[in-house]
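K.L.:
Protein chains in written order, with the working numbering: chain A, 1 to 370; chain B, 1 to 370.
Since the hints were made in silico from the structure, they are not lab data. Treat the numbers as computed from the prediction; the structure is a model and nothing was measured. Possibly wrong hints are sitting among the right ones.
Simulated coverage check for chain B against chain A, where a stretch passes if three residues somewhere in it have a Cβ under 8 Å from a Cβ of chain A [said to hold, decoys possible]: (1) 16 to 28; (2) 95 to 107; (3) 114 to 126; (4) 149 to 158; (5) 165 to 174; (6) 275 to 284; (7) 307 to 321.
Each residue gets a CB set at the ideal place from its N, CA and C atoms; glycine is no exception.
There are 2 protein chains.
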Amino acid sequence: MTQPAPARAPEIGLPITAVDTPALFVDLDALEHNAATMARVCRERGVVWRPHVKASKAPELAKRLIAAGAVGITCAKVGEAEVMADAGVEDILIANEIVGPLKIARLVALAARARVCVAVDDERNLREISAAAAPAGVTVDLLVDINVGANRCGVTPEAAPALARLAIDLPGVGFRGLMGYEGHVMGITDLEEKEARSAAAASVFAEARRQVEAAGIAVGIMSGGGTGNYWMAARLGSLNELQAGGGVLLDQTYSDSMKVPGHRHALFLVAQVISTAVPGRAVGDAGWKASGQHTGRPLAVAPAGVTVRGLNAEHTIFELAPGTRVEPGDRVTMIPHYSDSTMLLHRRLYAVRDGVVEAAWPIAGAGMLQ
Amino acid sequence: MTQPAPARAPEIGLPITAVDTPALFVDLDALEHNAATMARVCRERGVVWRPHVKASKAPELAKRLIAAGAVGITCAKVGEAEVMADAGVEDILIANEIVGPLKIARLVALAARARVCVAVDDERNLREISAAAAPAGVTVDLLVDINVGANRCGVTPEAAPALARLAIDLPGVGFRGLMGYEGHVMGITDLEEKEARSAAAASVFAEARRQVEAAGIAVGIMSGGGTGNYWMAARLGSLNELQAGGGVLLDQTYSDSMKVPGHRHALFLVAQVISTAVPGRAVGDAGWKASGQHTGRPLAVAPAGVTVRGLNAEHTIFELAPGTRVEPGDRVTMIPHYSDSTMLLHRRLYAVRDGVVEAAWPIAGAGMLQ
Numbered sequence: 001m002t003q004p005a006p007a008r009a010p011e012i013g014l015p016i017t018a019v020d021t022p023a024l025f026v027d028l029d030a031l032e033h034n035a036a037t038m039a040r041v042c043r044e045r046g047v048v049w050r051p052h053v054k055a056s057k058a059p060e061l062a063k064r065l066i067a068a069g070a071v072g073i074t075c076a077k078v079g080e081a082e083v084m085a086d087a088g089v090e091d092i093l094i095a096n097e098i099v100g101p102l103k104i105a106r107l108v109a110l111a112a113r114a115r116v117c118v119a120v121d122d123e124r125n126l127r128e129i130s131a132a133a134a135p136a137g138v139t140v141d142l143l144v145d146i147n148v149g150a151n152r153c154g155v156t157p158e159a160a161p162a163l164a165r166l167a168i169d170l171p172g173v174g175f176r177g178l179m180g181y182e183g184h185v186m187g188i189t190d191l192e193e194k195e196a197r198s199a200a201a202a203s204v205f206a207e208a209r210r211q212v213e214a215a216g217i218a219v220g221i222m223s224g225g226g227t228g229n230y231w232m233a234a235r236l237g238s239l240n241e242l243q244a245g246g247g248v249l250l251d252q253t254y255s256d257s258m259k260v261p262g263h264r265h266a267l268f269l270v271a272q273v274i275s276t277a278v279p280g281r282a283v284g285d286a287g288w289k290a291s292g293q294h295t296g297r298p299l300a301v302a303p304a305g306v307t308v309r310g311l312n313a314e315h316t317i318f319e320l321a322p323g324t325r326v327e328p329g330d331r332v333t334m335i336p337h338y339s340d341s342t343m344l345l346h347r348r349l350y351a352v353r354d355g356v357v358e359a360a361w362p363i364a365g366a367g368m369l370q
Numbered sequence: 001m002t003q004p005a006p007a008r009a010p011e012i013g014l015p016i017t018a019v020d021t022p023a024l025f026v027d028l029d030a031l032e033h034n035a036a037t038m039a040r041v042c043r044e045r046g047v048v049w050r051p052h053v054k055a056s057k058a059p060e061l062a063k064r065l066i067a068a069g070a071v072g073i074t075c076a077k078v079g080e081a082e083v084m085a086d087a088g089v090e091d092i093l094i095a096n097e098i099v100g101p102l103k104i105a106r107l108v109a110l111a112a113r114a115r116v117c118v119a120v121d122d123e124r125n126l127r128e129i130s131a132a133a134a135p136a137g138v139t140v141d142l143l144v145d146i147n148v149g150a151n152r153c154g155v156t157p158e159a160a161p162a163l164a165r166l167a168i169d170l171p172g173v174g175f176r177g178l179m180g181y182e183g184h185v186m187g188i189t190d191l192e193e194k195e196a197r198s199a200a201a202a203s204v205f206a207e208a209r210r211q212v213e214a215a216g217i218a219v220g221i222m223s224g225g226g227t228g229n230y231w232m233a234a235r236l237g238s239l240n241e242l243q244a245g246g247g248v249l250l251d252q253t254y255s256d257s258m259k260v261p262g263h264r265h266a267l268f269l270v271a272q273v274i275s276t277a278v279p280g281r282a283v284g285d286a287g288w289k290a291s292g293q294h295t296g297r298p299l300a301v302a303p304a305g306v307t308v309r310g311l312n313a314e315h316t317i318f319e320l321a322p323g324t325r326v327e328p329g330d331r332v333t334m335i336p337h338y339s340d341s342t343m344l345l346h347r348r349l350y351a352v353r354d355g356v357v358e359a360a361w362p363i364a365g366a367g368m369l370q
């Protein structure tokens, strides 16, 4: 199901205006600053960094994070993990339940060529993974998923020891530790409330560890944290592996809704003006089919005087401040509202430094839905 | 920039449960009913049907519409038109302005292998298309785009004759007629108001024709209409070509928000339950990365007692009516809220009849952003 990588882009080495629109650009200086920031926070707290690449979906970007200090990567699904393994990433956490014979078969095939770890919260599912992995002679590592307050997936601390024991006893699987993702705290903008809710989640997570250890089982990995609270989560003491990764791109959602401190905007969407026929406005070629908008609109940052008034499917509706003049063919640079809902619409991420295209990274995980 | 078609899907000839989740299915009986309905309305009104394929993006589906009576297809951008031409579609309207040297060069290349027509609303843009097409020895057909009330692209009726004259006089381009897309009326749910606003748009469109004809220029094509008003637009008399096409899939947006009469739901999204660890709910594997949600949530139609409570990026949050029992691995069938924002997230559309997969159509236009 993986797609072949596109051929080498002809725009490499040229100014960004050589790239047709709409297009996504990552500023390499900002990306490197953000990755270094996250790696440093983890290092200072003694926490392993295994960043989630669900937002970028680009193996070349994932490799940059590993070069910056990440121990491996985190994915949301088997399809994403497959394209990362295709690109040579060798240590992959799928932070999700993998269910059904079709997907478990792919998981087992993946475990034959990369170290792969998945979340479990169901006994039958755990037995099915074991039954598929054992005859293939591979080991699928498991984290028992704990519901730390998001009320999505995950068992209670009380139910954790039985699943951990089963993961130890069955062939083809290995118990590596616990996962507790506090998805419900990411969007909290009040930093005191975010701290309190993160601490409450950490307390449930720590309780799960106590319960498993009380059953005589050693817990290795304690994985959690997202970009929306990572700088808090890394010092709360319940986790020793951080999944946060999306913040390396720092879109509006991370900067404004999630209040991530100390990062720089790294992801930009460039549109081209296609019509100025209606007075007082201009129309661009990046609509909501090029920029996810369920969380909000992209923010125009250049040229001055241009504001995003709305998105149609294939059209940006720009409002022009008095005296602002743009013409068909002019370019408008925007910060997407949310990288997660934008990257998957594109096929290439253009890596740029000082206005010059250094690389065109395939967004190989886009469309890998299963 | 086109992607190679995926290899033949192994699920063909098998029941739909052989397809891994999340996945999109089109019910062929419903699709054929809807296409026949639109073709009949056009035939009865003496209007040419050139359906828009911006929603489906699947060349095989486009060919079914041509087989059902469409004269050709309508696209939103050059990338979509290229994949349609690759698949053998020979008559393509790009109902949008095509701006800038990179895209105009692709437009000219496209015109060498298909009959291609685009919208123009700017003199310089028209001159640039002519300057690129003439030396290549091809003709790009043009429709002068009229603003009939959507206030997006398009000139006033008064400005139309000058552009039409230029399109006649310059080499490499040909004046084919006018376009007037009434995007602002599609979402109106009150049918009387929709009729009145459609009539007002038709009146502006008719005025543009009068102005062009008063300048001694014959107008061929009068193109407009969307699924949200096509049954009205087809009898208002100002247009002779209908662009409406998305309604062949009939999602919730078309049935509920746009009040399209006489069609059947044809597009279905199937998720798999991946967790039931949290009491009272179940979690599925189709989140907003598999189902566009800026217009609303997908509607669960089977099994009974399951309701979509929300979407996370990769998770459907299902609420269960009292007494409803589902387990990991169970499947839930949903109607997407909007096909336009859902299809582009997938790579294959599974064509199904009586529960058996007849074909797996590549959604080749997904990701063709430019």
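K.L.:
Take the hints in turn and mark each one as holding or not.
P.N.:
Right, here's what the structure says about each hint:
Coverage of the stretch 16 to 28 of chain B by chain A holds in this model, with 4 residues showing a Cβ closer than 8 Å to a Cβ of that chain against a need of three. Counting residues of the stretch 95 to 107 of chain B whose beta carbon lies closer than 8 Å to any beta carbon of chain A gives 7, which meets the minimum of three for the stated coverage. Given as covered by chain A, the stretch 114 to 126 of chain B passes the check, having 4 residues with a CB less than 8 Å from a CB of that chain where 3 are the minimum. Only residues whose C-beta sits within less than 8 Å of a C-beta in chain A count toward coverage, and the stretch 149 to 158 of chain B has 5 of them, enough to reach three; the restraint holds.
Given as covered by chain A, the stretch 165 to 174 of chain B fails the check, having 0 residues with a CB less than 8 Å from a CB of that chain where 3 are the minimum. For the stretch 275 to 284 of chain B, the assignment as covered by chain A holds, since 6 residues bring a beta-carbon within under 8 Å of that chain's beta-carbons and 3 suffice. Counting residues of the stretch 307 to 321 of chain B whose CB lies closer than 8 Å to any CB of chain A gives 5, so the stated coverage by that chain holds, three being the minimum.
When held up to the earlier numbered hints, the structure conflicts with hint 5 and nothing else.
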